[in-house]
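Chains S and Z supply the protein sequences, listed in that same order. Using this note's numbering, read the first sequence as starting at 8 and increasing by one per residue. Using this note's numbering, read the second sequence as starting at 8 and increasing by one per residue.
In short, the hints are calculated from the structure, not lab data. Wrong hints could be hidden among the right ones.
Any copy, or any two copies together, can satisfy a pair, since identical chains are not distinguished.
[As the list claims (entries may be wrong)] List time: in silico BS3-like cross-link candidates among lysine-lysine, alpha-carbon distance up to 25 Å: (1) Lys266 with Lys115; (2) Lys62 with Lys164; (3) Lys115 with Lys188; (4) Lys220 with Lys246; (5) Lys61 with Lys84; (6) Lys75 with Lys10; (7) Lys220 with Lys164; (8) Lys188 with Lys205.
Number of protein chains: 2
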Amino acid sequence: MTKILNGKIVSDQILAALKKEIATKKQKNNQVPGLAVILVGEDPASTVYVRMKKKRCGEIGIQSFEYKLPADTKEQKIIDLIKKLNHDPEVHGILLQVPLPPGLNEEKLLSLIDPAKDVDGFHPINVGNLLLGRACFKSCTPYGVCKILEHYQIPTKGKHVVILGRSNIVGKPLAAMLIQKDMNATVTICHSQTQNLKDLTKQADILIAAIGKPLFVTSDMVKKNAIVIDVGINRVEDKNDPRGYKIVGDVDYDNVLPKASAITPVPGGVGAMTIAMLMTNTVRALP
Amino acid sequence: MTKILNGKIVSDQILAALKKEIATKKQKNNQVPGLAVILVGEDPASTVYVRMKKKRCGEIGIQSFEYKLPADTKEQKIIDLIKKLNHDPEVHGILLQVPLPPGLNEEKLLSLIDPAKDVDGFHPINVGNLLLGRACFKSCTPYGVCKILEHYQIPTKGKHVVILGRSNIVGKPLAAMLIQKDMNATVTICHSQTQNLKDLTKQADILIAAIGKPLFVTSDMVKKNAIVIDVGINRVEDKNDPRGYKIVGDVDYDNVLPKASAITPVPGGVGAMTIAMLMTNTVRALP
Numbered sequence: 008m009t010k011i012l013n014g015k016i017v018s019d020q021i022l023a024a025l026k027k028e029i030a031t032k033k034q035k036n037n038q039v040p041g042l043a044v045i046l047v048g049e050d051p052a053s054t055v056y057v058r059m060k061k062k063r064c065g066e067i068g069i070q071s072f073e074y075k076l077p078a079d080t081k082e083q084k085i086i087d088l089i090k091k092l093n094h095d096p097e098v099h100g101i102l103l104q105v106p107l108p109p110g111l112n113e114e115k116l117l118s119l120i121d122p123a124k125d126v127d128g129f130h131p132i133n134v135g136n137l138l139l140g141r142a143c144f145k146s147c148t149p150y151g152v153c154k155i156l157e158h159y160q161i162p163t164k165g166k167h168v169v170i171l172g173r174s175n176i177v178g179k180p181l182a183a184m185l186i187q188k189d190m191n192a193t194v195t196i197c198h199s200q201t202q203n204l205k206d207l208t209k210q211a212d213i214l215i216a217a218i219g220k221p222l223f224v225t226s227d228m229v230k231k232n233a234i235v236i237d238v239g240i241n242r243v244e245d246k247n248d249p250r251g252y253k254i255v256g257d258v259d260y261d262n263v264l265p266k267a268s269a270i271t272p273v274p275g276g277v278g279a280m281t282i283a284m285l286m287t288n289t290v291r292a293l294p
Numbered sequence: 008m009t010k011i012l013n014g015k016i017v018s019d020q021i022l023a024a025l026k027k028e029i030a031t032k033k034q035k036n037n038q039v040p041g042l043a044v045i046l047v048g049e050d051p052a053s054t055v056y057v058r059m060k061k062k063r064c065g066e067i068g069i070q071s072f073e074y075k076l077p078a079d080t081k082e083q084k085i086i087d088l089i090k091k092l093n094h095d096p097e098v099h100g101i102l103l104q105v106p107l108p109p110g111l112n113e114e115k116l117l118s119l120i121d122p123a124k125d126v127d128g129f130h131p132i133n134v135g136n137l138l139l140g141r142a143c144f145k146s147c148t149p150y151g152v153c154k155i156l157e158h159y160q161i162p163t164k165g166k167h168v169v170i171l172g173r174s175n176i177v178g179k180p181l182a183a184m185l186i187q188k189d190m191n192a193t194v195t196i197c198h199s200q201t202q203n204l205k206d207l208t209k210q211a212d213i214l215i216a217a218i219g220k221p222l223f224v225t226s227d228m229v230k231k232n233a234i235v236i237d238v239g240i241n242r243v244e245d246k247n248d249p250r251g252y253k254i255v256g257d258v259d260y261d262n263v264l265p266k267a268s269a270i271t272p273v274p275g276g277v278g279a280m281t282i283a284m285l286m287t288n289t290v291r292a293l294p
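Starting from the given sequences, assemble the full structure and let the hints guide the process.
Next comes the structure, spelled out in structure tokens:
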């Protein structure tokens with residue numbers, strides 16, 4: 008029987024532990040972690056994420072500060088806000104929701120966040136320390152993937168992990184995490200230019216898809232009894248769904264399921280982990 | 008016939024081009040690049056490297072500033088020196104020769120170097136930008152590997168590059184460079200914990216050894232007509248050599264040579280590239 012790796016269970020467990028930890032810190036040192044979220048514009052997906060982050064903060068005792076700015080906000084205004092938050096002692100984590108509206112320099116703005124408050128782990132200094140195997144904030148989605156593996160006691164040492172995708176927010180930092188001595192995986196990074204892709208994916212003990220292509224990974228690309236982790240969150244048209252669409256992953260779940268020894272569903276897999284790891288980083292950001 | 012990838016030729020060509028560029032800059036803007044090298048203690052290999060760097064600077068017109076400090080130098084003194092050099096307008100590159108004597112915090116000291124003068128590419132912010140595919144100083148040895156491939160017009164797009172070794176100065180940054188869109192390689196990172204190593208190395212279109220184990224890569228680990236790049240520089244005893252030792256790479260050169268389509272010798276391969284790339288970074292550090 009294929010094991011279903013339930014990200015909801017793992018994230019609920021992490022959030023429950025954080026809630027306790029936050030309560031203890033409040034009682035002992037009167038410390039309350041604070042997360043500032045900056046949302047520029049009204050991208051529908053971003054608006055949903057920000058609402059969910061705020062809700063989760065409230066549930067576990069993190070103070071949340073929300074800054075909703077119109078899409079035509081001048082860059083300088085965002086710079087000033089980031090600088091103010093960098094110095095605000097009540098704010099321990101700062102999150103600038105991406106993507107930003109056109110005309111705003113994402114790279115520049117993200118690198119203005121104090122690395123010690125960069126709970127998204129997007130600042131180059133955190134990315135660099137991640138690759139170097141040093142203390143840092145780890146980006147939330149790949150960190151969540153590692154936590155799912157840890158929770159289900161899936162060994163990575165010496166295992167061949169094949170990652171599909173080389174994005175700055177998933178593929179690259181995930182590879183950086185997995186090659187460190189605490190994970191000890193052998194890692195192959197594949198992408199759109201990879202030749203003979205199937206030859207490589209079929210060798211994976213653990214196959215991780217993070218390319219944003221609905222149902223891309225088919226059963227014939229997977230080795231029997233592999234662990235399959237699906238990071239994709241794709242909207243596809245679905246006339247039977249009242250919303251007119253449904254959410255699917257990068258893996259053809261129904262067909263891959265019988266071949267894998269374990270698999271993450273979408274939704275309910277990796278997606279549920281991202282916020283839990285954001286909350287974890289925010290609590291770790293307390294002095 | 009196996010092609011010998013001659014790092015000496017490539018580096019000489021790079022140095023000659025830099026020399027011209029430096030002369031032009033001097034004439035046009037009265038700009039002279041300056042490199043400060045800090046050597047703490049008397050590690051024999053480091054002493055040789057520092058001497059070679061100084062010599063190369065002189066040959067191509069880079070001003071070199073040498074700071075030789077005794078092994079028992081207090082950390083604060085090095086911190087003060089780095090801070091002074093960070094603000095010195097004649098110094099465009101700062102190199103803290105590693106390894107440092109015991110008791111000195113390498114990680115801390117390296118991260119005090121102004122990232123804009125970090126011509127070794129060891130500062131976490133440069134490492135992070137490297138992984139993120141952004142402008143940065145690239146560490147010299149892996150950068151040299153890429154330049155050898157470029158010089159000999161060895162395509163990397165879609166090719167499977169297998170890297171042996173996950174060090175912070177070679178394996179990790181090299182993987183970070185090769186997965187970017189300008190190189191477009193599919194990259195596998197292997198290390199001491201990798202299972203079935205030979206199965207992986209035999210798939211490599213380009214096999215890169217950077218593990219510091221003399222003659223580790225044997226002929227049976229290499230695919231016919233693979234490109235083999237040897238980053239290793241190991242001293243092994245040799246009674247026939249007047250020094251009592253000789254330098255060999257991580258690859259069993261004599262036996263791998265007939266199987267490879269191209270190979271770097273040791274010495275005369277990658278080793279010659281490191282200083283050329285350091286000089287390149289120093290010239291690029293000019294404002």
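Evaluation of the provided hints:
1. Lys266 with Lys115: neither (44 Å within a copy, 48 Å between copies)
2. Lys62 with Lys164: The answer is neither: 36 Å in one copy and 45 Å across copies each exceed 25 Å.
3. Lys115 with Lys188: Between. Shortest inter-copy distance 21 Å satisfies the 25 Å Cα cut-off; intra-copy 32 Å does not.
4. Lys220 with Lys246: within (20 Å within a copy, 60 Å between copies)
5. Lys61 with Lys84: Within one copy only: 23 Å inside a chain, 47 Å across chains, cut-off 25 Å.
6. Lys75 with Lys10: Neither, since 41 Å and 60 Å both go past 25 Å.
7. Lys220 with Lys164: Between copies only: 21 Å across, 29 Å inside.
8. Lys188 with Lys205: Answer is between; shortest inter-copy Cα gap is 21 Å, intra-copy 28 Å.
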